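> Protein chains in written order, with full-length UniProt numbering: chain A, 1 to 190; chain B, 1 to 190.
Just so you know, not all the hints are guaranteed correct.
Remember, identical chains collapse to one label, so a pair may be satisfied in a single copy or spanning two.
The list that follows gives simulated cross-link-like pairs (lysine-lysine, BS3-like), each with its CA atoms no further than 27 angstroms apart [stated by the list, open to error]:
#, residue 1, residue 2
1, Lys143, Lys44
2, Lys143, Lys161
3, Lys92, Lys143
FYI, nobody ran anything at the bench for these hints, they're computed from the structure. The structure displayed is predicted, hence computed values, not measured ones.
Protein chains: 2
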Amino acid sequence: MRDSILAAAVQLFAEYGYHAAPLRDIARIAGIQAASIYHHYPNKQALLVEIMATQMQHLNQSLEHILQEHQDSLVRLDAAIANHIRLHTMYKAEFFIVDTEIRALDPENRPYILSLRDTYEQLWQELLRTGMEQGIFRTSDVKVVSYAIIALCTEVATWFKPEGRLTVQQVIVLYRQLITHGLLLPDQSV
Amino acid sequence: MRDSILAAAVQLFAEYGYHAAPLRDIARIAGIQAASIYHHYPNKQALLVEIMATQMQHLNQSLEHILQEHQDSLVRLDAAIANHIRLHTMYKAEFFIVDTEIRALDPENRPYILSLRDTYEQLWQELLRTGMEQGIFRTSDVKVVSYAIIALCTEVATWFKPEGRLTVQQVIVLYRQLITHGLLLPDQSV
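Let the hints inform the model, and build the full structure from the sequences given.
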């Protein structure tokens with residue numbers, strides 16, 4: 001029942017936004033009485049926090065796993081790009097909520113969700129810093145590059161369609177190429 | 001007076017979201033009576049459309065100008081990256097609304113705003129296609145690369161702070177480097 005409620009909340013928050021999605025509509029789509037929803041979640045805010053925390057913990061754990069499994073910076077980068085794009089295309093509505101509803105969090109819930117996001121950025125920064133120190137990646141601003149790559153791979157979720165022209169795997173290959181080699185052909189590089 | 005109303009709407013839509021920002025609060029911040037707002041805008045939706053259309057037209061016109069002024073693909077790319085980042089850091093709240101409130105548009109307003117976004121993507125695609133045909137850019141999927149670059153340069157607005165560690169110009173240099181050369185050092189390139 002909790003899963004049905006969560007799924008209904010994801011659908012309505014993503015379609016109308018957190019503030020425009022009434023709890024009674026969430027109950028209706030989940031197939032329960034509006035009053036019964038309170039047996040599972042104290043309020044709408046608790047649903048938002050659980051949706052965000054679940055996805056972000058999942059993202060963090062999978063990137064931690066990649067960093068533990070692999071030492072080669074290029075292998076780590078390839079795996080981290082693929083992981084981010086796969087999760088964001090698989091849980092498209094959930095991550096859309098993560099990306100647009102931070103401001104809808106009550107002040108007491110915000111630090112926890114922001115700390116999960118910080119953790120993810122720090123894991124990416126560790127990956128990038130190590131690659132730069134090893135002379136594999138171009139030396140650059142670790143923070144700015146981490147934000148850039150995360151933004152790039154997150155946006156895939158906004159336009160990717162499973163029934164579209166490209167598979168997730170083809171998109172991953174294109175993004176890896178852009179991030180590792182850039183746009184310019186090698187003989188133009190300085 | 002229209003400018004004050006627009007500025008108040010930008011502030012409240014960006015802070016609370018379109019649906020959570022009442023018209024009477026917009027009037028209060030603009031310093032007019034709630035009823036007087038209707039002399040300038042028929043409804044809240046008209047404010048949203050004007051905020052979005054103004055910024056997107058500005059973005060499109062500046063990129064059209066760059067493509068007309070320059071023929072060299074690398075110069076065009078550098079100018080287009082700088083233009084996007086400058087506008088998105090200068091009109092941070094406005095572009096946050098553009099990026100998060102498309103779903104708040106009434107069905108009759110959506111096609112116009114989406115067509116402005118399509119135009120911007122098409123201008124980027126023209127820039128990229130020309131560079132690939134000239135053998136300056138690596139051949140890739142023009143659409144995917146356009147979405148990727150736009151996403152990357154848009155996200156700057158979410159974390160950039162004018163009083164922060166980096167100037168807009170420094171961020172532009174870092175992003176240009178990442179987009180043109182990628183992460184990998186040249187001697188690692190295949």
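> None of the hints should be skipped; say for each whether it holds.
Quick rundown of the hints versus the structure:
When the C-alpha separation of Lys143 and Lys44 is checked against a cutoff of 27 angstroms, the pair qualifies neither within a copy, at 34 angstroms, nor between copies, at 38 angstroms. For a Cα distance limit of 27 angstroms, the shortest separation of Lys143 from Lys161 across copies, 14 angstroms, qualifies, whereas the shortest one inside one copy, 30 angstroms, does not. Taking the closest pair of Cα atoms, Lys92 and Lys143 come within 27 angstroms of each other both inside a single copy (25 angstroms) and across two copies (20 angstroms).
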